[in-house]
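These protein sequence lines are chains A and P, in that order. Here the UniProt record's numbering is used: position 6 in the first sequence is 6, and no number is missing along the way. Here the UniProt record's numbering is used: position 152 in the second sequence is 152, and no number is missing along the way.
Worth flagging that the hints you see were computed from the coordinates, not collected in a lab. Incorrect hints may have been included.
You can't tell identical chains apart in this list, so a pair holds if it fits in one copy or across any two.
With a straight-line Cα cutoff of 20 Å, these simulated SDA-like cross-link-like pairs (lysine to any residue) come out [to be verified]:
| hint | residue 1 | residue 2 |
| --- | --- | --- |
| 1 | Lys260 | Trp125 |
| 2 | Lys156 | Tyr174 |
| 3 | Lys95 | Ala157 |
| 4 | Lys12 | Tyr283 |
| 5 | Lys119 | Ser278 |
| 6 | Lys63 | Lys292 |
| 7 | Lys2 | Glu16 |
| 8 | Lys260 | Asp124 |
| 9 | Lys156 | Ala135 |
| 10 | Lys292 | Glu23 |
| 11 | Lys292 | Pro9 |
Protein chains: 2
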Amino acid sequence: MKILFTFIPSEKLQNEIQAEFPEHEFHFCKMKSAGSLAEEAEIYVTYGEDLDNSYIEKAKNLKWIMVMSAGMDRMPFEECAKRDILVTNVRGIHKIPMAEFTLGTMLQHVKQYPLLQRKEQQEDWDRKVKVEELAGKNLLVLGIGAIGGETARLAKAFRMTVTGINRSGKQHEYADQTDTFANISAWLPQADFVLSVLPSTYETRYLLEVGHFKLMKDSAVFINIGRGDLVKEEVLLKVMEERMIAHAYLDVFKTEPLPKGHPFWKMDNVTVTPPLSSITRQYLPRSFEIFKHNLRAYVNKEENFINGIDLSRGY
Amino acid sequence: MKILFTFIPSEKLQNEIQAEFPEHEFHFCKMKSAGSLAEEAEIYVTYGEDLDNSYIEKAKNLKWIMVMSAGMDRMPFEECAKRDILVTNVRGIHKIPMAEFTLGTMLQHVKQYPLLQRKEQQEDWDRKVKVEELAGKNLLVLGIGAIGGETARLAKAFRMTVTGINRSGKQHEYADQTDTFANISAWLPQADFVLSVLPSTYETRYLLEVGHFKLMKDSAVFINIGRGDLVKEEVLLKVMEERMIAHAYLDVFKTEPLPKGHPFWKMDNVTVTPPLSSITRQYLPRSFEIFKHNLRAYVNKEENFINGIDLSRGY
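Using the sequences and the hints, build the whole thing.
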C-alpha cells in the first residue's frame with residue numbers, strides 16, 4: 001500500500017514510521033510534485049491546506065485522508081463524501097501547549113515579568129513591585145472543550161475558581177460551574193481572567209461587544225487564543241484605549257499577520273503574539289502517534305479511528 | 001488582655017481583628033515606641049527582627065510571640081526558653097506564591113516570553129520562535145518540603161517528571177521519586193530544571209560546585225529561590241560565563257541588594273529578580289488567618305497551635 005505525505009517531516013520521523021510499518025510504502029513530497037503518486041496512493045497525510053476537488057477526482061486509489069491539523073476550513077469535504085473517503089484529523093492535540101501558554105500568560109501578568117525584566121535592564125533592585133497570585137482568582141473559560149478543559153484543569157491545580165461556558169451548559173469536570181453562552185454576562189463581573197478558545201462559527205463571530213467588557217472588572221484580563229473574529233477589532237481597540245479592562249493578551253487577529261503600524265503593537269495594555277500558543281516541537285511527533293494508531297486500525301479493519309470526521313458536518 | 005503588634009498592618013486588617021476579638025485590646029506600634037505597652041502586653045505579634053534579650057526581660061506579662069515570618073534568625077530564643085514563652089510563626093505561608101513564581105519562571109523559559117516581548121517591540125510577526133512545553137520535562141527539586149512540594153504538585157499537573165531531594169530520602173507524595181543529598185549527582189544529568197528552595201545551613205552552604213553543573217544538560221535551567229549561598233558566586237559566574245547550562249534564574253544572592261554593575265545583571269543567560277518569589281498581597285491576610293487560629297487556641301487553652309516552635313531547635 002502506498003501512503004503519500006504531502007509535507008516533509010524530519011528524517012527521524014520518516015525513518016521511524018517506515019521501520020514500524022515496513023510492509024507499506026511511504027512517500028514524502030509536496031502535492032504539486034507528487035505526479036503519479038497522487039493517483040496511486042491509498043492514504044494521504046496532509047496539513048489539509050493543499051487539496052481541492054480536482055485533486056480528489058484524480059486520486060483514484062484514495063480511501064483515507066489523515067489531516068495533521070485541527071483546522072479543516074480548506075478541506076474538499078463534498079468530494080470526499082461523494083467518494084466515501086475516510087477523513088481523520090488531530091483534533092485535541094493542541095490542548096497541552098495551548099493550556100500551558102495560557103497559564104504562562106496569566107502568570108506573566110500576575111508576577112509582572114515584563115516589568116521585572118525592564119527593572120533588570122536598569123539594574124534596579126526593586127522589591128516594591130506588586131506581585132500577585134493566581135490562587136483564589138476567577139477564570140472564565142469561553143468554550144470549555146478539550147483546550148479550555150485542559151486549561152481549567154491546570155487553573156484548578158493553581159487553586160483558581162473556574163467557570164466554563166459552552167453551548168449546552170453541560171457541567172465540565174474541571175470547572176466549578178458551567179453555563180451557556182446566553183448567560184455569559186452573569187459571569188463577567190467576577191472574572192479576573194476571561195479566556196476565549198472559541199472557534200470561528202456563526203454563533204461566536206463578534207460575540208463579545210463593548211457591553212460585555214463594561215461588565216468586567218477594571219483589573220480584568222482578556223486572553224484570546226481562539227479566533228480573532230470573536231470581537232470586532234474596532235470594539236477591542238475602543239475597550240483598550242478607554243482602559244475598560246487592565247490588559248488584553250492576543251494570540252489571534254482578524255488580519256494575520258498583524259500589519260506593521262497596527263495600534264495593537266504599541267499599546268501598553270495589549271500584548272501581541274503571532275499565533276504561537278499551539279506550536280511546539282511536540283506537534284508532529286504527537287500527530288504521528290495519532291496517525292500510527294489510525295493506520296493500525298485501518299490495516300486491521302478495526303475502525304476504532306481517533307478523530308473520525310463526519311463529512312456532512314465537517315467536524 | 002493586651003496584644004501588641006510591633007508593625008502597622010492596614011486599617012482593614014486592624015479593624016477586622018478587633019471586630020472578631022472585641023474582648024481583647026489590640027495595639028499597633030513599633031517596638032521602640034511601645035513604651036509601657038511592651039511590659040503590659042501578653043502577646044507580641046512581630047516580624048521577628050525587632051526583639052532581643054533586653055526586650056524579653058522587660059516584657060513582664062509576655063507569654064506568646066507570634067512571628068509573622070518564616071525566618072527567625074534574629075529571634076532571642078534563649079531568653080524565650082528561660083521564660084517558657086510560646087513562639088509560633090507562619091512557616092509554610094510562602095509555598096503558594098513561591099511555587100507559582102517557579103512555574104511562572106519555567107513557563108517564561110519554555111515559552112520564550114522575553115524574546116516574544118522584544119519581537120513585539122519591533123512589530124515583528126515571527127512564528128518561527130521555538131516554543132516548547134513543560135509536559136514531559138524533568139524537574140529536580142533540591143529541598144522538597146512545603147515549598148518544593150507545592151511546586152512539585154503543580155509540576156505534576158503540568159505532566160512533568162519530578163525528582164525530589166531531601167535529607168532522609170523519604171518519598172514525597174508529589175515526586176515521582178525522592179532521594180538524599182548524597183545522591184544528587186545521579187539525578188542531575190536528566191534534569192531539565194534544577195530548582196533550589198534550600199535554606200542556608202551548614203549542610204547546604206556551597207553545596208553545588210562546578211562539577212554538579214558539568215553533569216547537567218547544556219539545555220538545563222537552574223532556578224534558585226532558596227538562599228544565595230547554595231553556590232559560591234565565583235562558581236556560578238564561571239558556570240554561566242562558560243555556558244555550561246542554558247539559563248540561571250536567580251531570586252536570591254550572596255549580597256542583597258545585588259550591587260549595581262554586578263555581572264549577573266548584564267548576562268544574557270542570567271535573569272535577576274530581587275527576592276520577590278515569596279511576596280504577595282496575600283501575605284499579611286494569610287498570616288492573620290494563622291494568628292487568629294492560634295489566638296482562638298490560646299484563649300480557649302486548646303493548645304492546637306499552628307507552627308509551634310521548639311525553642312531548643314529554633315524551628
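Going down the list of hints, with the structure as the test:
no. : hint               : in the structure
1   : Lys260 with Trp125 : between (34 Å within a copy, 9 Å between copies)
2   : Lys156 with Tyr174 : both (7 Å within a copy, 16 Å between copies)
3   : Lys95 with Ala157  : both (16 Å within a copy, 14 Å between copies)
4   : Lys12 with Tyr283  : within (14 Å within a copy, 50 Å between copies)
5   : Lys119 with Ser278 : between (30 Å within a copy, 18 Å between copies)
6   : Lys63 with Lys292  : within (16 Å within a copy, 70 Å between copies)
7   : Lys2 with Glu16    : within (16 Å within a copy, 75 Å between copies)
8   : Lys260 with Asp124 : between (32 Å within a copy, 8 Å between copies)
9   : Lys156 with Ala135 : both (9 Å within a copy, 17 Å between copies)
10  : Lys292 with Glu23  : within (14 Å within a copy, 72 Å between copies)
11  : Lys292 with Pro9   : within (14 Å within a copy, 61 Å between copies)
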